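Could you build the full structure based on these sequences and the hints that come with them?
Sequence lines, in order, name chains A and B.
First residue of the first sequence? That's 1 in my numbering, and the numbers climb one at a time after it.
First residue of the second sequence? That's 1 in my numbering, and the numbers climb one at a time after it.
In case anyone wonders, no lab produced these hints; they're calculated from the structure.
Each hint should be verified, as a subset may be incorrect.
[As the list claims (entries may be wrong)] Partial selection, computed: residues in chain A whose CB lies under 10 Å from chain B:
no., residue
1, ALA38
2, PHE41
3, LEU44
4, ALA45
5, LEU48
6, ALA61
7, TYR100
8, THR612
All values derive from a computational prediction rather than experimental measurement.
By construction, the Cβ of each residue, glycine as well, lies at the ideal position given by its N, Cα and C atoms.
This is what each chain is made of:
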Amino acid sequence: MAATTPNDHRRLLQSAEGAADGTMVFSRRALVLGMANAAVFGGLAARLYDLQVLNGPQQSALAEDNRTRTLWVPPMRGQILDANGVVLASSRETFRIMLYPQRGLTLADASRLASELAPRLGMELSAVAAGLKAALHDNRPLPVVLADGLSYDDVAALQVGTFEAANVVVEPQHQRVYPELKPSARIAMAHIVGSVGAVDRFSLDDDPHLRLKGARVGKVGVEAGMETALRGVAGRTVYEIDARGRHVRRLDDRESVPGRAVTLTIDIALQEAVMGKLAAENDRGAAVVLDIATGAILALASTPSFDGAAVHAVGAQWRELKSDPARPLVNRATTGQYPPGSTFKLVTALAALEAGLVTPKEKIECWGDVTYSGHTYRCWNRKGHIASDLHKAIRESCDCYFYEAARRAGIDRIAAMASELGLGEVYRDAGIAPQKRGLIPTPAWKRSRTTRTGWLLGETILAGIGQGYVQATPLQLAVMMARVASGRKVVPSIVRHDVGDGHHARSDATRQPEFEPLAISETHLAALRRALKAVVHEGGGTGQAADPDDGRTLVAGKTGTSQVSRASADRDRTKPLTRAQRDHALFVAYAPADAPRFAIATVLEHAGSGGTEAGPLVADIVRLLMARDRPTAARGADAPAPAKEG
Amino acid sequence: MFYSRPLPTVFERIVGLPWLLLVGVTAIAAIGCATLYSVAGGAFDPWAARHGLRFGAALLVAVAISIPPVDYWRHLAGPVYIVALGLLAAVPLVGVEALGARRWINVGGVSIQPVEVMKVALVLALAQLYHALGDAKRASQPQWVLLALALVVMPASLTIRQPDLGSAILLAAVGLGIMFLAGVSLWYFAAGIAAVVAIVPLLPSLLHTYQLRRIAVFLDPARDPLGAGYHIAQARIALGNGGLDGQGYLRGTQSQLDFVPEKMTDFIFVALGEEWGFTGAMVVLALYASVIVMLFVMALRAPTPFSRLTIAGTAMMIAIYVVINISMVTGLVPVVGVPLPLISYGGTAMFTLMVSLGIAMGAARRV
Numbered sequence: 001m002a003a004t005t006p007n008d009h010r011r012l013l014q015s016a017e018g019a020a021d022g023t024m025v026f027s028r029r030a031l032v033l034g035m036a037n038a039a040v041f042g043g044l045a046a047r048l049y050d051l052q053v054l055n056g057p058q059q060s061a062l063a064e065d066n067r068t069r070t071l072w073v074p075p076m077r078g079q080i081l082d083a084n085g086v087v088l089a090s091s092r093e094t095f096r097i098m099l100y101p102q103r104g105l106t107l108a109d110a111s112r113l114a115s116e117l118a119p120r121l122g123m124e125l126s127a128v129a130a131g132l133k134a135a136l137h138d139n140r141p142l143p144v145v146l147a148d149g150l151s152y153d154d155v156a157a158l159q160v161g162t163f164e165a166a167n168v169v170v171e172p173q174h175q176r177v178y179p180e181l182k183p184s185a186r187i188a189m190a191h192i193v194g195s196v197g198a199v200d201r202f203s204l205d206d207d208p209h210l211r212l213k214g215a216r217v218g219k220v221g222v223e224a225g226m227e228t229a230l231r232g233v234a235g236r237t238v239y240e241i242d243a244r245g246r247h248v249r250r251l252d253d254r255e256s257v258p259g260r261a262v263t264l265t266i267d268i269a270l271q272e273a274v275m276g277k278l279a280a281e282n283d284r285g286a287a288v289v290l291d292i293a294t295g296a297i298l299a300l301a302s303t304p305s306f307d308g309a310a311v312h313a314v315g316a317q318w319r320e321l322k323s324d325p326a327r328p329l330v331n332r333a334t335t336g337q338y339p340p341g342s343t344f345k346l347v348t349a350l351a352a353l354e355a356g357l358v359t360p361k362e363k364i365e366c367w368g369d370v371t372y373s374g375h376t377y378r379c380w381n382r383k384g385h386i387a388s389d390l391h392k393a394i395r396e397s398c399d400c401y402f403y404e405a406a407r408r409a410g411i412d413r414i415a416a417m418a419s420e421l422g423l424g425e426v427y428r429d430a431g432i433a434p435q436k437r438g439l440i441p442t443p444a445w446k447r448s449r450t451t452r453t454g455w456l457l458g459e460t461i462l463a464g465i466g467q468g469y470v471q472a473t474p475l476q477l478a479v480m481m482a483r484v485a486s487g488r489k490v491v492p493s494i495v496r497h498d499v500g501d502g503h504h505a506r507s508d509a510t511r512q513p514e515f516e517p518l519a520i521s522e523t524h525l526a527a528l529r530r531a532l533k534a535v536v537h538e539g540g541g542t543g544q545a546a547d548p549d550d551g552r553t554l555v556a557g558k559t560g561t562s563q564v565s566r567a568s569a570d571r572d573r574t575k576p577l578t579r580a581q582r583d584h585a586l587f588v589a590y591a592p593a594d595a596p597r598f599a600i601a602t603v604l605e606h607a608g609s610g611g612t613e614a615g616p617l618v619a620d621i622v623r624l625l626m627a628r629d630r631p632t633a634a635r636g637a638d639a640p641a642p643a644k645e646g
Numbered sequence: 001m002f003y004s005r006p007l008p009t010v011f012e013r014i015v016g017l018p019w020l021l022l023v024g025v026t027a028i029a030a031i032g033c034a035t036l037y038s039v040a041g042g043a044f045d046p047w048a049a050r051h052g053l054r055f056g057a058a059l060l061v062a063v064a065i066s067i068p069p070v071d072y073w074r075h076l077a078g079p080v081y082i083v084a085l086g087l088l089a090a091v092p093l094v095g096v097e098a099l100g101a102r103r104w105i106n107v108g109g110v111s112i113q114p115v116e117v118m119k120v121a122l123v124l125a126l127a128q129l130y131h132a133l134g135d136a137k138r139a140s141q142p143q144w145v146l147l148a149l150a151l152v153v154m155p156a157s158l159t160i161r162q163p164d165l166g167s168a169i170l171l172a173a174v175g176l177g178i179m180f181l182a183g184v185s186l187w188y189f190a191a192g193i194a195a196v197v198a199i200v201p202l203l204p205s206l207l208h209t210y211q212l213r214r215i216a217v218f219l220d221p222a223r224d225p226l227g228a229g230y231h232i233a234q235a236r237i238a239l240g241n242g243g244l245d246g247q248g249y250l251r252g253t254q255s256q257l258d259f260v261p262e263k264m265t266d267f268i269f270v271a272l273g274e275e276w277g278f279t280g281a282m283v284v285l286a287l288y289a290s291v292i293v294m295l296f297v298m299a300l301r302a303p304t305p306f307s308r309l310t311i312a313g314t315a316m317m318i319a320i321y322v323v324i325n326i327s328m329v330t331g332l333v334p335v336v337g338v339p340l341p342l343i344s345y346g347g348t349a350m351f352t353l354m355v356s357l358g359i360a361m362g363a364a365r366r367v
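Following this line, the structure appears as structure tokens:
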């Protein structure tokens with residue numbers, strides 16, 4: 001301690017006093033800084049807790065995304081076959097070669113890759129180089145197509161796998177193709193097969209491959225109705241990528257699962273024949289034939305139709321079809337909603353019978369019209385039917401009888417019976433889309449539509465004869481007939497469910513749907529069925545034109561003439577009706593009447609009377625069905641000899 | 001004076017070192033080595049081994065520096081500051097450009113970053129100034145406040161121009177911190193804060209375009225997800241991927257697959273946080289906190305103003321490094337390029353810190 005300066009002395013003294021050299025200030029301020037530091041560290045800890053623990057899982061998902069690139073492999077769409085295995089729609093697989101982006105690929109790398117790839121791809125060097133240069137752009141997120149439309153053999157010959165490390169990937173693509181059929185068959189099948197189109201609406205649970213460019217989904221017809229079966233499951237290849245987007249290695253490789261082949265219940269020949277008969281009868285209309293035992297749709301005809309193949313090929317024709325006032329693109333059989341008219345009397349009759357408000361024997365008077373609450377409702381027969389029981393009322397389609405039956409049953413019972421018979425419903429498992437729901441009105445429905453007036457008695461009475469708000473599609477009317485004929489809740493389907501899941505159709509006749517019975521007494525159904533047979537086969541029956549007259553087949557059915565315009569009901573009209581004012585002609589039927597196998601519904605737009613216009617069409621269809629059936633029936637050893645009853 | 005204790009021998013000086021502090025520092029450096037090993041994909045090359053060797057060398061240097069009486073360094077403070085300022089001023093003229101910035105110069109075949117020398121020199125110079133002033137009241141006299149400010153602003157403004165915003169902020173923060181601890185009147189600080197608030201609108205004309213862009217991207221990372229915002233977004237993903245317990249050592253997918261930029265330098269904390277999770281991050285934070293607390297305790301016990309301020313300056317340097325770095329990688333402040341002390345790869349910053357630590361350890365001793 002030799003070199004003690006005066007300065008040091010002074011400082012030592014001041015230290016002893018405490019404050020002057022700043023010891024106190026320093027301690028105080030150091031404490032402040034220390035606390036501030038602790039607070040900041042606490043803040044950092046809180047921030048890390050937020051980022052890592054509270055928001056960690058969410059970032060983890062991003063991390064997984066960051067680390068991998070998933071390439072979805074679209075599945076091959078399933079084929080559509082007719083009942084005999086004729087291919088109606090299939091898919092063609094082609095391949096394209098893609099270059100996926102990576103950051104920091106140098107121009108030298110690219111030109112080397114181009115010179116190696118070009119000869120193998122059979123492309124000009126400059127074309128490949130152009131694609132690569134585009135991919136070189138640093139932040140370009142989209143893959144580049146190097147070659148397109150290659151066949152499997154092309155790809156095998158290329159050995160593109162050797163370029164995998166350079167982010168070159170082979171991707172399959174599928175094009176829907178509709179094989180050549182003869183034009184009449186194409187036109188007959190166009191509505192049924194339908195078409196695919198671009199995905200125009202995504203939802204979160206969509207299959208990921210639907211977001212791929214060029215993805216197609218069923219839009220209409222069986223393509224849409226069987227979409228889930230046809231679509232298949234996408235495969236995927238997951239690459240681990242580094243921050244530059246380079247494929248480091250494959251983490252996961254899952255093959256795509258092709259869509260199932262779908263075999264229709266439709267036989268092209270029958271469909272074409274029914275289509276021909278329908279078109280011959282009227283230019284706008286629909287006809288549906290169901291197999292009553294299985295619900296199989298045997299024919300689903302809608303006219304006018306269009307040439308399916310031509311539409312898939314050419315865009316201009318599509319626009320023309322779309323703007324055609326006859327609306328050929330609309331499948332009237334499933335989406336045409338018509339007032340069912342007198343065919344709906346089945347529903348009214350069963351509703352009143354089941355409620356015990358009318359007995360089959362009870363006679364109701366008809367003097368040409370009937371008045372309720374000051375409103376007069378007319379019978380189609382201005383002379384009246386004097387008095388009708390159920391049998392006569394159905395046979396001669398007496399309106400007064402059903403006005404009264406409807407009044408007694410009330411709209412809710414009528415609506416319940418309609419839905420028991422399959423009306424007002426979309427058949428989700430039918431395998432064809434779109435379908436319209438039709439309309440079975442109820443007071444609740446009307447309240448939801450308007451608050452102006454409540455449900456009126458007159459609306460019940462009109463509904464009783466299938467007018468007013470009531471609407472049904474031809475398919476629904478065919479289901480109604482199948483249910484009445486069988487007493488079971490027949491559900492329609494255009495797809496054979498007896499065919500296995502394999503790629504190729506496999507027949508397995510042991511599986512037949514067993515439909516549950518209707519909640520309707522067999523006595524009432526039997527009485528109704530007798531009356532329906534009388535419509536075609538007894539004097540005074542409105543549907544005698546539907547008698548196939550083949551010496552063996554009896555038909556049960558019901559006519560319907562549904563009023564479209566008030567003008568057609570005006571008995572004092574002087575001008576002839578315009579086309580649009582004419583009534584729709586309907587005929588619903590099943591055959592054979594005593595052992596029902598086929599249910600039929602026909603609608604001819606603006607054709608006039610159901611009995612005279614649609615009746616002959618039904619007769620034609622029954623003849624077609626029975627003729628087609630004959631070889632099979634003859635083979636059966638105990639097949640009952642066909643005999644026409646009196 | 002017979003009653004005074006004899007000067008301690010070199011051996012006694014070494015035994016008397018704050019070993020707990022050195023253990024803490026070494027633990028931090030070891031974590032740095034382990035993390036660098038991991039981000040290299042599980043290899044000592046190219047970073048972990050050199051990091052470890054450098055730390056060992058720097059540790060020896062720190063111990064060596066702590067041995068002579070601290071007055072020795074105190075007397076060198078002025079000359080070192082002047083040399084460092086000269087080097088800093090020379091950088092734009094003779095500096096070597098790397099990564100778009102001119103920060104290095106060659107002195108006798110060794111490339112050094114003058115700003116790192118300045119970080120030590122500034123602490124020493126300010127401590128010496130206040131030591132010489134002696135009285136806390138004199139520290140608040142305008143001429144001395146202006147001198148201290150000049151000592152801070154000259155190197156800071158030279159550094160901003162390199163451009164090295166991170167170092168400039170560090171210099172300014174440490175300098176102001178020492179002025180605060182030395183007892184400069186709080187009115188000056190209030191006035192300073194008011195001045196800064198007034199200057200903010202002028203920033204666009206003062207800062208480099210890339211610095212402005214970093215700030216803009218910081219405020220809205222979505223603006224440039226693959227460019228400058230990429231740093232922040234990727235850091236956030238990697239940290240979140242760590243969760244509470246981390247992905248496990250050597251299993252941080254984000255950092256190992258190059259998604260995290262600057263993963264071995266400024267963003268190393270992200271790699272650490274991904275592999276060790278929140279738990280690991282807290283351990284690291286706690287280690288830094290304990291080192292800082294130990295230094296502050298040493299400062300409070302130190303005998304002279306120079307010692308106090310030197311030790312406290314070193315503590316502040318570490319604290320500011322840590323706070324800016326972690327705030328930066330967690331997206332709290334713009335990316336300004338500040339390493340995580342002793343963990344980030346980089347020799348100069350580590351040596352600077354260890355030299356400061358050596359002087360601080362020497363200063364803590366009573367003779």
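For this session: Enumerate the violated hints, using their earlier numbering and listing them in ascending order.
Result: 7 and 8
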